[in-house]
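Visitor: Letter by letter, the chains look like this.
4 protein chains.
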Amino acid sequence: MQKIRIAILGASGYTGADLIRLALAHPAIEIAALAAERKAGQSAQAVWPHFQAAQLPDMATVDTIDWPTIDAVFGCLPHGASQQIIARIFDRPAPPKVIDLSADFRLRDPETYAAWYGAPHAALTLQAEAVYGLTEHFAEDIAQARLVACPGCYPTAALLALLPLVQAIDPQRIVINALSGVTGAGRSLKETNLFTEVAEAVHPYGIGSHRHMPEMEQALGDAAGAVLRVSFTPHLIPMNRGELVTTSVDLANGATVADLRALLATRYADAPFVHLLPEGVAPATRMVRGSNHCVLNVFPDRIPGRALVIAAIDNLVKGSSGQAIQNFNLMFGLPEAMGLEQAPLFP
Amino acid sequence: MQKIRIAILGASGYTGADLIRLALAHPAIEIAALAAERKAGQSAQAVWPHFQAAQLPDMATVDTIDWPTIDAVFGCLPHGASQQIIARIFDRPAPPKVIDLSADFRLRDPETYAAWYGAPHAALTLQAEAVYGLTEHFAEDIAQARLVACPGCYPTAALLALLPLVQAIDPQRIVINALSGVTGAGRSLKETNLFTEVAEAVHPYGIGSHRHMPEMEQALGDAAGAVLRVSFTPHLIPMNRGELVTTSVDLANGATVADLRALLATRYADAPFVHLLPEGVAPATRMVRGSNHCVLNVFPDRIPGRALVIAAIDNLVKGSSGQAIQNFNLMFGLPEAMGLEQAPLFP
Amino acid sequence: MQKIRIAILGASGYTGADLIRLALAHPAIEIAALAAERKAGQSAQAVWPHFQAAQLPDMATVDTIDWPTIDAVFGCLPHGASQQIIARIFDRPAPPKVIDLSADFRLRDPETYAAWYGAPHAALTLQAEAVYGLTEHFAEDIAQARLVACPGCYPTAALLALLPLVQAIDPQRIVINALSGVTGAGRSLKETNLFTEVAEAVHPYGIGSHRHMPEMEQALGDAAGAVLRVSFTPHLIPMNRGELVTTSVDLANGATVADLRALLATRYADAPFVHLLPEGVAPATRMVRGSNHCVLNVFPDRIPGRALVIAAIDNLVKGSSGQAIQNFNLMFGLPEAMGLEQAPLFP
Amino acid sequence: MQKIRIAILGASGYTGADLIRLALAHPAIEIAALAAERKAGQSAQAVWPHFQAAQLPDMATVDTIDWPTIDAVFGCLPHGASQQIIARIFDRPAPPKVIDLSADFRLRDPETYAAWYGAPHAALTLQAEAVYGLTEHFAEDIAQARLVACPGCYPTAALLALLPLVQAIDPQRIVINALSGVTGAGRSLKETNLFTEVAEAVHPYGIGSHRHMPEMEQALGDAAGAVLRVSFTPHLIPMNRGELVTTSVDLANGATVADLRALLATRYADAPFVHLLPEGVAPATRMVRGSNHCVLNVFPDRIPGRALVIAAIDNLVKGSSGQAIQNFNLMFGLPEAMGLEQAPLFP
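Protein chains in written order, with UniProt numbering: chain F, 1 to 347; chain U, 1 to 347; chain W, 1 to 347; chain B, 1 to 347.
Do not rely on the hints blindly, as some may be mistaken.
As the list claims (entries may be wrong) - Once the Cα atoms are required to be at most 20 angstroms apart in a straight line, the calculated EDC-like pairs of lysine to aspartate or glutamate come out as:
1. Lys39/F - Asp58/F
2. Lys39/B - Glu191/F
3. Lys39/U - Asp58/U
4. Lys3/U - Asp91/U
5. Lys3/W - Glu341/F
6. Lys190/U - Glu191/W
7. Lys3/U - Glu341/B
8. Lys190/F - Glu191/B
9. Lys3/F - Glu341/W
10. Lys97/F - Asp71/F
11. Lys3/B - Glu341/U
In case anyone wonders, no lab produced these hints; they're calculated from the structure.
Excised from the complex, chain F in its bound form:
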């Protein structure tokens, strides 16, 4: 088989590293280029010593990539930078397909983007064209797309849990509590990411103002046919990988908890990576660590008329690089699960 040649932009971050890991295991992928501006010229092993055994190209700059030979691009760049570089890529003749993992193309509305990211979008046409890459829900559009915007990690977990239920709950009263491992904060040098500050501790952050809010509101609002707001409180907990969302919802339209279960069971019956657990079994991040799987479940709340919907993913895989590969598979007509079959790592 002729392999598909990929470039990973932003290859020195954790998302980039996990893309490399998954791409190495993918039978149809050849890693043709790794770009990391500030590490350009270094070997991949100098940046990521855990790839000691792999054959990988050296880190390069975006501009030195041999673009005509690239079939697909995975963008792991910071927002803002991402839209500019991807716009230049699409200006080339016969551009590669692009799977963007940044936030730049997730929000459809330019004003919402500008309000949350503090600057107007610099690639409005592409923003309008981009397909939101929540694979299980937008597979047909993704398969046709040349630019896919992969969801944020929290929206991935929350939307997998809630999107199938929108008609059976009150969409205006969704409360989402979320817990994330520290890789969600990336590799940036901030005091709050030091081991000494994070270990043996927990705290909420981004209260009332997290950028994943408008993303969830866009998708849930589309499904509900309404403008809505979600209550969302993420917490940082002392682990590397993993994300768990515990959502509290009001049942609506006569729906029961059993109805919610049935909706999820039906919706994900054929999904290779989303698993409704047996009744009563609580989702746990250790069920999915290192894998592209999502486990979820529904429980009656103690307050009558309410339910809890809980989902767990690995934020770096289903919440980021794994879902990116899953979208890549669809975009290139490959089996959806190709290269993503690894079982979770536990303990």
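Given chain F's structure and the hints, the job is docking chains U, W and B onto it.
Guide: Chains U, W and B alone, transformed into the frame defined by chain F:
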């Protein structure tokens, strides 16, 4: 000063250990007896090697304690066993005062107790007499009591956050998400408490059926003058100590978020251990580790008309042994903060 | 390709779980049976929820396995039990090949076995026949064997580091300090394995009396042509997976640190899983987590005439289940690295 | 009692924070000034939210401190900066006593200092005057000193274990393996200190070139009456606090392991903070967390004629701020243990 001679029952559990730690630092306490049935005869250092430098009595059985010499008892026994042993203590002439850290005397209603704990209460008169030991809210009764039932760790954090707000929120629609370190599960040998199962992982537990629910409902219901139910979902996270509750509430009776802040500020203005943080500062367990302090704060929710109230404690101190000492101080007419002045340990 | 049908005995322990994980990714393996006496009848997912997405047989007892259909057995049983069950397997007509991960067949000398394990060996003929499964050093014998005894985790790391150097160092003065994650202690319910006891802490154990000592002494003694003893001190550190050995050696026979480097470079030039790091780069467990790789390096000691040889592995993979698969590959004439190509998981 | 007024220089690092914590509990100390150049003007709570309940001065610059009112200075500044600022302090009339926690005054020999720290010492007279602050061994000199150089964390643990044994072992063949929590690396923003890099991992560092080497060699060489070198390999492990040294020594001069035990027992019989554990009990960092205690023990090695001496401390307390307070107590004629009586925090 003549010291007050205490006995700690259940001295081989983590709560017992933290009581020993705090009692060693208390200028008015003499540790006269440590009871731990299965470790009786062992030195305290054999059970707790971290007390290498302390002078402590050997572990004993409850029956071998020289009861007439004991002024106060701290009960750290499992529920069920606790009520029986404490009943026998009160059958003695001139019994000591008792601070019970078990669940046995927290619920006022015998039927509620029986329903949640699976057996009728064996000491109904004492159950009726016991005072609920949330120090900041029931100090006067505690000061007069001879039997105080210390609150559970989750109720302590949740009630400190919510009790002053009951008239300003809808008490029927309180959603409490909680995160706890593993000491909350005690020292029992369960697979789910192994390092390998807990580390690098998070999961909810006790969904819809946690025994701290009726305790919170009793106290909130009393304050609201209504029968109510709370939505409560605890999660186990990979740290030793610490507990954080993130509650989502509906504003009511025209109250604003600023009103909630003002209510908390007023209520805890003179409380030595409960601290309303500056506006916008998120509570974090690292602010209280190892100490009897509670930090809390209020935030506007993104959904209009709702607010987030967040509190953090050390589950073994303010959530257990520290609050027990605080109650002891009141019961013996000592300054409320005596022996509890240690600053948090960070990192 | 006709798949090789395997049975995993002791499938409810961590070693069993990692064998399942690796076997699921192995293109030539079919998992035909999982035995776990106390969990017999349960689904694999009930025992290991992280295999939610896999097709696996239910847990069974050893006796109910359809033995004539089994081609290979992986034994993850406790020592003692292992030798008895494996002896019965070899009593069958046309027995399967056996890869044993227990300690039962590692020590060649029956008296040494009896002295360290407290009872005489119950399968002396098999003990004599078994091949020691340190793949990189005994590949030819392993390829011919019908019973392979996989090394302990500490011996794997220490012997990979030291065996090639025996002629260049004083084999009577080897000091091995080792650090291990908690999975090395298995899934057993001991107080010392609780999260609360292990987290935020470190301690040495098995001082002067660890059962991996005679195993290292046997292999190093064979290579040195001498009876010898090693100084070995393992420490338990708060992580799940990973093992690091820091050995201090006296140079001998005129050898230099550069000679040690050259010996390792030559010895492992073609080894797919053992990697001599660039000069000056310290081995770290994060370089190998979840993979079958070993990274090692040599450093001059500050005391003249001495050197440090340091190696890191994942104790559950190269130190256990991964090496077992590697041996299986040789025993069945498959490529040595088949099914083990997964890159490490970092972070 | 008239309190002693102290200034803490470098109050925004972890060592500074732990000094504040301990000073708050010290009955004879008044915290008069906190200096942190880059945080000057901020409240102590803004820098250290865990001191929410404490009365503390705002962060200031060194130059704005009201020096004539200061009785004692604790220096927690980086090496290099420390010597310059302390020299200026001693240029003042009636200077305060200084307890320096930096490396600047630990090495007596100017050439050794220059070789290891890359620049000549800028305060040679003070360097010659400074007393090495290993309290248990140099108490008399410390009591007379106006400048004490507190030992590094590793030297503290290693020297407490080894100094009493120097005549009974071969001082030229000491192998020290050490494990440290991440607070040992301070609060600096380095990639290697991120949670994601440290958690679930271990690695050695500073191999062959750690600055604590010459410090240990100076003290051991003094005691042995010889020039010597030590083998020392520190490892970073995923915990906040704690340090464990496992030393391997050759017995000499006819000494036995029992002799080593006796030497330690005699030497520390009256030491309030150094505890020889019962025979066979392994030191563990959980025995000392948050406290000024050191636990140690001796074991026979498996190689005849050798022994293992193992010690554990909390690197931030006995290895840093606690020992500084202990020295302060001696310098001001206070009881050695004043303010340091807190029992360890476990779990």
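Visitor: Compare the structure with each hint and give your call.
Guide: Going down the list of hints, with the structure as the test:
Between Lys39/F and Asp58/F the CA atoms are separated by roughly 9 angstroms; this keeps the pair inside 20 angstroms, and the hint holds. A distance of roughly 14 angstroms separates the Cα atoms of Lys39/B and Glu191/F; the hinted pair therefore holds under the 20 angstroms criterion. Restraint check for Lys39/U and Asp58/U: satisfied, since their Cα atoms lie roughly 9 angstroms apart, inside the 20 angstroms limit. A distance of roughly 24 angstroms separates the Cα atoms of Lys3/U and Asp91/U; the hinted pair therefore is violated under the 20 angstroms criterion.
For the suggested pair Lys3/W and Glu341/F, the alpha carbons sit about 18 angstroms apart, so the restraint of at most 20 angstroms is met. Under the criterion of a C-alpha separation no larger than 20 angstroms, the hint pairing Lys190/U with Glu191/W is consistent with the structure, at around 9 angstroms. Taken as a hint, the Lys3/U and Glu341/B pair is honoured in the structure, with Cα atoms around 18 angstroms apart against an allowance of 20 angstroms. For a cut-off of 20 angstroms, the pair hint linking Lys190/F to Glu191/B stands: about 9 angstroms separates their Cα positions.
Restraint check: the Cα-Cα separation between Lys3/F and Glu341/W comes to about 18 angstroms, which is no more than 20 angstroms; the hinted pair holds. In summary, the hint linking Lys97/F to Asp71/F is supported, as the alpha carbons are separated by about 7 angstroms, within the 20 angstroms threshold. Taking the CA atoms of Lys3/B and Glu341/U, the gap is near 18 angstroms; set against the 20 angstroms cutoff, the hint holds.
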